[in-house]
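Novice: Count along the sequence shown from 1, then add 133; that gives the number in my numbering.
These aren't lab readings, by the way, just hints derived from the structure by calculation.
Values in this document were obtained by computation on a predicted structure and should not be read as measured data.
Heads up, some of the hints might be wrong.
Computed Cβ-Cβ distance ranges for the label pairs, DEER-style [said to hold, decoys possible]:
| id | residue 1 | residue 2 | range |
| --- | --- | --- | --- |
| 1 | 201 | 248 | 36 to 46 Å |
| 2 | 286 | 158 | 31 to 41 Å |
| 3 | 251 | 285 | 14 to 24 Å |
| 4 | 238 | 267 | 14 to 24 Å |
| 5 | 297 | 265 | 12 to 22 Å |
Don't be surprised by glycine CBs; every beta carbon is placed ideally from N, CA and C.
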Amino acid sequence: MCGRNTLFSSPDKIKKDLEIDFWKDEHDYTPSYNLSPTQNSLVLVHNKRRVIYSMRWGFGFDAKRRPIFNARSETLDTKPTFKNLIHKNRCIVLSDGFYEWKQNGSSKIPHFICHKENRILPMAGLCKWDVDGEGLKKLVFTIITKEARDSLKHIHLREPVILTKKAVKSWITVNEPQNKP
134 MCGRNTLFSS
144 PDKIKKDLEI
154 DFWKDEHDYT
164 PSYNLSPTQN
174 SLVLVHNKRR
184 VIYSMRWGFG
194 FDAKRRPIFN
204 ARSETLDTKP
214 TFKNLIHKNR
224 CIVLSDGFYE
234 WKQNGSSKIP
244 HFICHKENRI
254 LPMAGLCKWD
264 VDGEGLKKLV
274 FTIITKEARD
284 SLKHIHLREP
294 VILTKKAVKS
304 WITVNEPQNK
314 P
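Whenever a hint applies, use it, and build me the whole structure from the sequences.
Specialist: This is the structure we're talking about:
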């Protein structure tokens, strides 16, 4: 699961590493070491070119329910919330690292997971337009997760789907998925 995220890279590093063509509202970017669901974060989409948008993390604006901030890769094709998005609303969630908590008795110990060479972690995601409580349309996203690899299972059973540079291109430019992340 991924419930806390970071993004603190410089705009130049983000643009270079991800080969960005356009960044909507770049001047509004603020680095963060503690992003949580319902906050805005940077997301890469492909609309004939690579564009970065700021989007709200989590589907749904109902105050009585928690936002859907993760989507299990194993059920993307079957869950009504995701099955229509998987074919046309793919995105890349930008991250420098994420936190997972390991249960230790009655407390939890945070662990920060990042690339060993401090590269940006491009996470597979889904995005869509949603309507907030005031009737305004907003862009929202969710992070796709998978079963954790063996080296992380001692901390948490799930992890975000992190894509290679080649996989980033195929994830955001394909019309019909050949494989799930």
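Novice: Hint says 31 to 41 Å; check whether the CB-CB distance for residue 286 and residue 158 agrees.
Specialist: With Cβ atoms ~38 Å apart, the hint holds.
Novice: When you take the CB atoms of residue 297 and residue 265, is the distance between them in 12 to 22 Å?
Specialist: violated, 34 Å
Novice: Taking 36 to 46 Å as the stated bounds, is the beta-carbon spacing between residue 201 and residue 248 within them?
Specialist: With Cβ atoms ~26 Å apart, the hint is violated.
Novice: Just to be sure I understand the hint, the distance between the Cβ atoms of residue 251 and residue 285 should be within 14 to 24 Å; is that true here?
Specialist: Since the Cβ atoms of residue 251 and residue 285 sit about 18 Å apart, the hinted range of 14 to 24 Å holds.
Novice: The hint says 14 to 24 Å between residue 238 and residue 267; measuring C-beta to C-beta, is that right?
Specialist: Once the Cβ atoms are compared, 43 Å apart, the range 14 to 24 Å for residue 267 and residue 238 is violated.
The structure shown violates the earlier hints numbered 1, 4 and 5.
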